[in-house]
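2 protein chains.
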Amino acid sequence: MNENNRLIEAFKQTNYQVAGNGIRDIQVLKEALRNYEGHQESDIYGKGKIIEDFQKKMAEYLGKEDAVFFPSGTMAQQIALRIWCDHEGVSKVAYHPLCHLEIHEEEGLKELHHIEPVLLADKSRLIQFEDVVNMGEGVACLLLELPQREIGGQLPDYQMLEAISAYCHEKGIKLHLDGARLFEILPYYKKSAAEICELFDSVYVSFYKGIGGIAGAILAGDKGFTKESKVWKRRYGGDLISLYPYIISADYYFNKRINKMKMYHEEAKELAGLFNQCHGISTKPVEPVSNMFHVYINSPKEKMESILIDIYEKTGIGLTGYLREIEAEACFYEVSIGDQFGNIPKEGLIKVFQMLDESMKKIKE
Amino acid sequence: MNENNRLIEAFKQTNYQVAGNGIRDIQVLKEALRNYEGHQESDIYGKGKIIEDFQKKMAEYLGKEDAVFFPSGTMAQQIALRIWCDHEGVSKVAYHPLCHLEIHEEEGLKELHHIEPVLLADKSRLIQFEDVVNMGEGVACLLLELPQREIGGQLPDYQMLEAISAYCHEKGIKLHLDGARLFEILPYYKKSAAEICELFDSVYVSFYKGIGGIAGAILAGDKGFTKESKVWKRRYGGDLISLYPYIISADYYFNKRINKMKMYHEEAKELAGLFNQCHGISTKPVEPVSNMFHVYINSPKEKMESILIDIYEKTGIGLTGYLREIEAEACFYEVSIGDQFGNIPKEGLIKVFQMLDESMKKIKE
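Chains G and X are the protein sequences, given in the same order. Quick note on numbering: the first sequence equals residues 152 to 516 in the working numbering. Quick note on numbering: the second sequence equals residues 152 to 516 in the working numbering.
With a Cα cut of at most 30 Å, we get these calculated DSSO-like pairs of lysine-lysine:
1. K381(G) / K181(X)
2. K181(G) / K208(X)
3. K465(G) / K163(G)
4. K454(G) / K198(X)
5. K413(G) / K341(G)
6. K420(X) / K435(X)
7. K198(X) / K163(G)
8. K381(G) / K274(X)
9. K420(G) / K512(G)
10. K512(G) / K502(G)
11. K374(G) / K200(G)
12. K198(X) / K261(G)
13. K208(G) / K342(G)
14. K181(X) / K198(G)
15. K261(X) / K261(G)
16. K407(X) / K200(G)
17. K342(X) / K374(X)
18. K381(G) / K200(G)
19. K200(G) / K163(X)
20. K465(G) / K435(G)
21. K497(X) / K513(X)
22. K261(G) / K381(X)
23. K181(G) / K163(X)
24. K341(X) / K407(X)
25. K435(G) / K512(G)
26. K208(X) / K163(G)
27. K274(X) / K198(G)
28. K513(X) / K163(X)
29. K261(G) / K374(X)
30. K163(X) / K207(G)
31. K200(X) / K374(X)
32. K208(G) / K163(X)
33. K181(G) / K207(G)
34. K342(G) / K378(G)
To give an idea of the interface, some chain G residues facing chain X are shown, with a C-beta separation under 7 Å as derived from the structure:
35. K181
36. E192
37. S193
38. P222
39. E262
40. Y359
Since the hints were derived computationally from the structure, they do not count as laboratory data. It should be emphasised that the depicted structure is a prediction, and the values quoted were computed from it without experimental measurement. For each residue, glycine too, the CB sits at the ideal point set by N, CA and C.
Sequences and hints are given; from them, build the entire structure.
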């Protein structure tokens with residue numbers, strides 16, 4: 152077994168895990184279905200009570216005219232950008248170099264739509280107002296991801312967001328929100344989802360990040376936009392005869408967790424604080440603005456895996472199931488707080504960080 | 152309430168329905184999940200035991216090197232045609248004018264891939280060997296749908312199929328099988344799925360037609376083909392973090408119904424025989440070659456709806472929930488036999504067809 156497998160196996164053996172809502176297994180679906188007795192009918196190709204009710208609920212929550220349930224955010228966001236490009240008659244959008252569309256979708260936007268992105272900012276920082284002003288002509292749509300996941304989940308000041316929105320509105324540039332983790336940032340901004348979404352022409356949200364559902368996404372905007380998006384959903388093969396397994400679980404876990412986002416944020420700040428007290432470890436951001444952050448460790452990956460496995464075995468508490476190498480001498484991983492953090496015995500957590508700090512000190516020596 | 156709604160409402164009130172496997176409701180999912188106790192882990196972005204086991208099982212069943220689970224056939228088939236076009240460096244495929252890609256996908260193949268189809272045969276008949284020979288140069292892939300659903304589920308002779316396959320193989324034209332209803336035709340051809348699939352380079356099968364699952368499809372072929380298809384699946388946003396609700400139900404209902412296809416076929420022939428004995432009603436094909444056929448009725452749609460509602464109310468047996476107008480004086484609908492046919496009391500069924508025949512005679516007078 153290689154080191155990677157050893158770490159994930161040791162992690163799975165722990166009694167408590169610091170992050171997440173638990174194992175992604177079929178019990179997640181069974182729990183959501185428990186509330187649905189009787190013979191509630193399936194949605195059929197985008198129609199029917201089960202899908203229409205949820206779309207209406209999410210449109211209201213996001214303060215948009217209409218909303219469409221999609222099997223995935225990948226599908227929903229490519230479609231959003233295509234629609235805005237078609238409206239402007241151009242094939243250019245702008246987003247961050249670590250945007251999901253740029254690094255996780257096998258060039259889908261380019262291969263399927265021949266849309267070329269302008270990459271704003273650089274990989275290490277957020278898009279700023281100046282980046283937007285200087286992005287050049289001919290951009291149909293700017294996509295902003297809140298929070299910017301690949302740099303630890305960072306957020307611009309709300310005033311910056313308002314300024315970007317006003318500028319785009321003035322220039323006729325559509326503004327699209329990659330809100331994969333929108334629910335998770337509401338406590339930090341102290342805004343409602345609708346208040347934030349009002350700054351954007353179209354919005355995507357996900358139900359398997361902080362919400363902890365199975366899969367699925369909502370794309371919201373005005374009625375003309377959502378109507379077009381349904382045509383594209385059919386073209387993509389996303390207009391499934393039945394999406395209800397995802398819709399039921401999205402709705403169930405939305406109701407279960409939407410009011411826990413403030414708690415997750417507080418717990419993320421607490422946990423990040425513990426990491427930042429350890430030698431050779433820091434978090435990005437230093438103070439989380441959502442339920443997520445990245446942990447940066449000044450230690451070679453293999454050495455750190457052995458240290459973690461030892462801690463897991465001695466405390467029964469797991470921090471992460473993987474580490475990713477940055478350079479030969481450092482590694483990092485991502486944390487997203489969910490229901491599991493609250494279950495950890497405090498004395499156990501203190502012990503974990505004592506052991507971690509001591510091990511890191513030994514590496515330095 | 153308009154006539155359409157009256158018919159579907161009356162149909163839903165019946166105790167027995169002649170076609171299908173029952174209402175598409177959440178109990179379909181709950182039944183499939185009942186076998187899965189414990190903590191079986193989700194598939195994660197196309198990996199994991201739950202998806203890999205099913206893909207392997209279906210690859211073996213179809214006699215192909217490899218298989219990939221897709222959320223939909225729309226997605227799977229566009230991708231298959233794109234891959235074959237890329238291999239040949241052309242943008243032309245051939246299929247029937249009533250092919251799913253031509254009439255049910257909002258021009259997805261053209262809008263997403265700029266692939267132009269050559270339409271073979273005409274809307275009223277099957278593609279013949281001569282159509283293939285005369286289709287012209289530059290076609291990367293020929294798609295054959297077995298059975299051809301939109302003309303009642305018709306099939307070419309097996310010898311014709313072999314001749315088309317041999318011709319395409321010789322000419323270097325890829326042959327793709329739209330096997331949405333492949334399982335359903337095995338009893339007629341008296342062939343295994345693998346024997347039929349051997350004639351094709353790539354194959355798609357569906358799990359919510361005769362199998363009666365929730366949604367989902369398998370695309371099978373050689374390993375180079377399936378590897379490419381996974382890249383496109385990611386591009387489409389079809390590589391969901393979890394597809395297990397569809398996989399579990401596909402597997403469960405495949406096991407439950409795959410051996411019932413011969414029975415469904417026999418029952419379809421019996422039912423078609425009953426229709427063909429009625430005045431002014433005929434089926435296409437006259438003798439079904441699968442579990443499906445179309446019912447053609449020489450009566451205006453509205454009049455026929457009233458007749459059917461009367462029959463449903465008096466017998467408690469429902470034939471169909473909809474009728475589609477052909478011309479002012481005729482209408483038709485589609486029948487697919489499933490588990491429900493066997494539950495109907497024989498004397499009730501006889502009564503239904505007596506009433507139907509008498510009503511049709513009165514229309515004539």
